[in-house]
Each structure stands twice: as structure tokens, then as C-alpha cells.
Amino acid sequence: MSNIPNDLKYISSHEWIRVEDDGTVTIGITDHAQELLGDVVYVELPEMDSEVALEDEVAVVESVKAASDIYAPLSGTIVAVNEALEDAPETVNSSPYDDGWMFKMKPSEPSEIDGLIDAESYQNEIED
Amino acid sequence: MGLQTPFYQNHLDSNAKIVDFGGWDMPLHYGSQVEEHHYVRQDAGMFDVSHMTVVEVTGQKAKPYLQYLLANDVDKLKESGKALYSGMLNEKGGVIDDLIVYYIDETHYRVVVNASTREKDLAWMTQQAASYAVNVKENTDFAMLAVQGPNAIEKTNQVLSANQQQAVDGIGVFFAADCEGYFIARTGYTGEDGYEILVPADQAASFWNKLLAVGVKPCGLGARDTLRLEAGMNLYGNDMDEGISPLEANMGWTISWQPEERDFIGKAALLAEKESGVKNKLVGLVLEGRGVIRSHMKVVVEGVGEGETTSGTMSPTLKKSIGMARVPKATSDSVMLEIRRKLVPAKVVKASFVRKGKALV
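Those protein sequences? They're chains W and S, same order as listed.
Residue numbers are given in our numbering: position 108 of the first sequence equals residue 108, and the series is strictly consecutive.
Add 1000 to a position in the second sequence, counting from 1, and you land on the number used in our numbering.
Since the hints were made in silico from the structure, they are not lab data.
There could be a bad hint or two in this list.
Said to hold, decoys possible - When the alpha-carbon atoms are kept at most 27 Å apart in a straight line, the in silico DSSO-like pairs for lysine-lysine are as follows:
hint	chain 1	residue 1	chain 2	residue 2
1	W	Lys65	S	Lys1281
2	W	Lys65	S	Lys1350
3	W	Lys65	S	Lys1347
4	S	Lys1356	W	Lys65
5	S	Lys1155	S	Lys1217
6	W	Lys65	S	Lys1320
7	W	Lys65	S	Lys1155
8	S	Lys1017	W	Lys65
Stated by the list, open to error - Sample of chain W residues with no beta-carbon within 10 Å of chain S, all distances over it, derived:
hint	residue
9	Glu51
10	Val79
11	Ala80
12	Gln123
Claimed, not checked - For each label pair, taking beta carbons as the anchor points, the in silico distance ranges come out as:
hint	chain 1	residue 1	chain 2	residue 2	range
13	W	Asp69	S	Ala1133	35 to 43 Å
14	S	Ala1272	W	Ala67	38 to 46 Å
15	S	Ala1330	W	Glu83	36 to 44 Å
Glycine residues also receive a C-beta, built at the ideal position from the N, C-alpha and C atoms.
My request is simple: use the sequences and hints to build the entire structure.
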């Protein structure tokens, strides 16, 4: 059974989003996503300070099996990337919600946050 | 639900992730494919390969039949249990399958072919047998288990009977011992030492459990693929197929040209190909930039032309991405790979990356 923390937001392409107190958001992939992928062997992170639009392909996670695109859940600017993943991509498997975070954004359209789904909706989506 | 091997319950007991593989329900991994890969490089792992097909070729003309059927020459086999790797080609010189043939005696050879090619192999072998006094028959009495790794032989020997231990004592590479219903071959598909064992199907589950008890770890098809790729071994359907000649698949060494009077299926086509010049070659690649090589990526060879990757992965041993590619013959030591619309440099090497736990590139 996958772990789906209640305090996070989600999009149906299996990214999680945490809205931080300073207004930035942190993004990673869900426990369910890392299970589907299998051992993660490579992560390509977005460029710092780049401007991205909602649903842009901004990063890539590759497992032993396949490559998966990571989509921007919001429009905004990339303000941090988790460089530790470049040397230890397996952290995405072992700690998808904490040490395995991928990047942080400063949203340019905060209203887009309302379009994200909650844990219960995400749970329903992956059960379908 | 697909076909199940005699080890199916063992897989479930070890929490396997089961996937469909050519109609068979097979273990992809038992938790972590990368960890399983390391068990085999560092200790001992076991793989259910019962989906592979065992074919018994028997009869007075077994030898001339196989000499015509295969590009390698079974006349090299003189001792009972000795094994030979060969391509089985069509008239155009394309690879129908790659296989291992064991010599039992002059009128009995045991052939092990791939799972994914079972039906066409059996059909082809049967068709070619029509003009020979031979019997070609699939043998389904066995389960098949590969035990591989630096400690594989020692650990397996612990669970063999006294007679079997004696039978495998000092056995050479590419030899098999036939003892008490077990056919224990010192072969493999990982680049490590070990056995591939035909086990009577009704003893498969208990044999697995004995190996588990002496510390042999279950490994799935995922690790089997990364191990074989590190070892530089071809995967049928990826690195070669019916449209590819062995001369373009790094299998030239498996073609036996001597004696000249021996004819074999595909020989005329291969001779013509050599005459007009072999166009491509299969090489190893080590990615120098960031990313992961996958099959069917475009390879750009500056000033020469283009090629295509046939296999690729992130090597768990080397922690670099490696792969194989079919490229123009004139390709030298560096190429560019197109990965997500970007060109990434790769070094061209002999397709052999890791053997016996040691990095070769």
C-alpha cells in the first residue's frame, strides 16, 4: 500500500507538491510513482532560475526500466534543485517525500494551487 | 494469467514482482533489481530460467543435421557434456535464434533455445529435420535454474548430493555433468562463474529452498538483463534478430568456416556479405555525458553516418550508462547519441564492460 501524506497536494501524473510557509512550493514524485518505476538510476533536474509554465516537462526520472517526464504542477520560477539526487538517485526510492524532493518553485500564478488535488482524490485516482 | 514455471510458488514466497514475459509469469525483481545485480557480482544469485526451451535432437543423423542447421560446427564437440554456443540462421544469413547445444553422444544432442523464440525455433528445427534421420522433440521434464556469482559454485555444491558433487568436481567452463536426473552446466549469462542447472520439475521447489537456505539470493529478469549487458552478451530480439547477420552482431566468432566443405544454412549469404563488405558492426558504448542509454536511440558518427543503439542501461557496477549499438563499420572511438533531442558524447568500446566482478572499461 502506497504512502500518501495528507498534508501534501498532488497532480495525477504522480507528482506531489508541498506549499511552504514562505510561499514557495516543493515538488517530488509520490511513493506510488517510485514503486511503479522501480530502482531510480538517474535524475535530470530543471535549470535554476528558469521560468516554467504549468504542465511543462521540467525534469526526468529514469529507472532501470524506463524514463519518465516530471511535469511542472504550477507556473513559476525554479528557485532550488536537489543536487544530491545527481549522485544518489536511489534517494527517490528510499525517501520520496523527504530527502528525495526534486525542485522548488516560486509560483507566478498562485491561483493554480487551487487546481491541485488532495490526498484523498489522488488515492482514488491511483485505485482506478 | 500466463504460464507458470515450477518455481512460481517460490517466487511468490520471496515477494517477487511478477510480470508477463513471452506468455510466462516471471519475476522481474524481488524488491530491488539493483541489489540483485550486486549479489551476483559479489556473492551468488539465482534466476529462474525455466521458460527457456530444451530440445532433444536424437537419431543416427543428429550430428550432420546440426552441422547443417547451425553456423557453429558441432563437430567441435567430442566429450559428453561439452557445450557450444551458436547462431541458428535462415537462408538469408539472419539470426533465427542464438542457442547452446550440448553433446551427449553422437546420436543425442541437447539444445537450449530462447523462450521468446520457442515456437518459430521448433517449427524451423522440425522443418529442417525432414530430410535427416533425426527426431526433434521438446523436453518439458525440467525446470531450469541459473546460479551465478563468485560464490555460486561453492554454495550450489553444498546442496548437491555426494554423487553430484563428485560429478561436477573440476568441471570445465562450457561443460555439463549429468547426474541423478540433474544436468549441471558451467555456463551463464552474467559474466560471472556459476551453473545453469536442469532440475527435474518435481524437485524444483525444494532445490530452490535449499539454495535459499545456503544464502543464494533470488534475482529477477531485470538484474539478468543488466548483468548480461555489462558482460557484453547479446540479447535476442534486441541486439540481433532475423534481419541481422551474425557478422553485424558481434557473432563472427560463432561461425565455423572450416572445414570448407561443410555447408550450413545461411553460409552462402554470409559469404556474399563478406565478399561485398560487411556494412555495420555491433559495438559497446560508454556514455560520457549525463543520461541513460536506451535501445533505439540514434547514434551520430561524425563524417561516417548514423547508427542505432540496440540495448542500454545504467550499469550498476560501473555507475555509468552503457549500451550496445549497431554502427557503420568505419566508426572509430567516439560517437554522439541523441538523447531527448540533445547530442551526448559516448565512447566506443569492445562490447564487454564487466567480467568476474571487474570493470573492463
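Quick rundown of the hints versus the structure:
1. W:Lys65 x S:Lys1281: Cα-Cα ~26 Å, so holds.
2. W:Lys65 x S:Lys1350: holds, 24 Å
3. W:Lys65 x S:Lys1347: It holds: about 23 Å lies between the C-alpha atoms, which stays within 27 Å.
4. S:Lys1356 x W:Lys65: Roughly 24 Å between the alpha carbons, so the hint for Lys1356 (chain S) and Lys65 (chain W) holds.
5. S:Lys1155 x S:Lys1217: holds, 11 Å
6. W:Lys65 x S:Lys1320: holds, 15 Å
7. W:Lys65 x S:Lys1155: Not satisfied, since the Cα-Cα distance of roughly 30 Å exceeds 27 Å.
8. S:Lys1017 x W:Lys65: Cα-Cα ~13 Å, so holds.
9. Glu51: Holds, because the least Cβ-Cβ distance between Glu51 (chain W) and chain S comes to about 20 Å, which exceeds 10 Å.
10. Val79: At roughly 22 Å from the nearest Cβ of chain S, Val79 (chain W) sits farther out than 10 Å, so the non-interface label holds.
11. Ala80: The assertion about Ala80 (chain W) holds, with a minimum of 19 Å to chain S.
12. Gln123: holds, 21 Å
13. W:Asp69 x S:Ala1133: 35 to 43 Å: violated, 59 Å
14. S:Ala1272 x W:Ala67: 38 to 46 Å: At roughly 40 Å between Cβ atoms, Ala67 (chain W) and Ala1272 (chain S) fall inside 38 to 46 Å, so the hint holds.
15. S:Ala1330 x W:Glu83: 36 to 44 Å: holds, 40 Å
Violation of the numbered hints given earlier is confined to hints 7 and 13; the remaining hints are satisfied by the structure.
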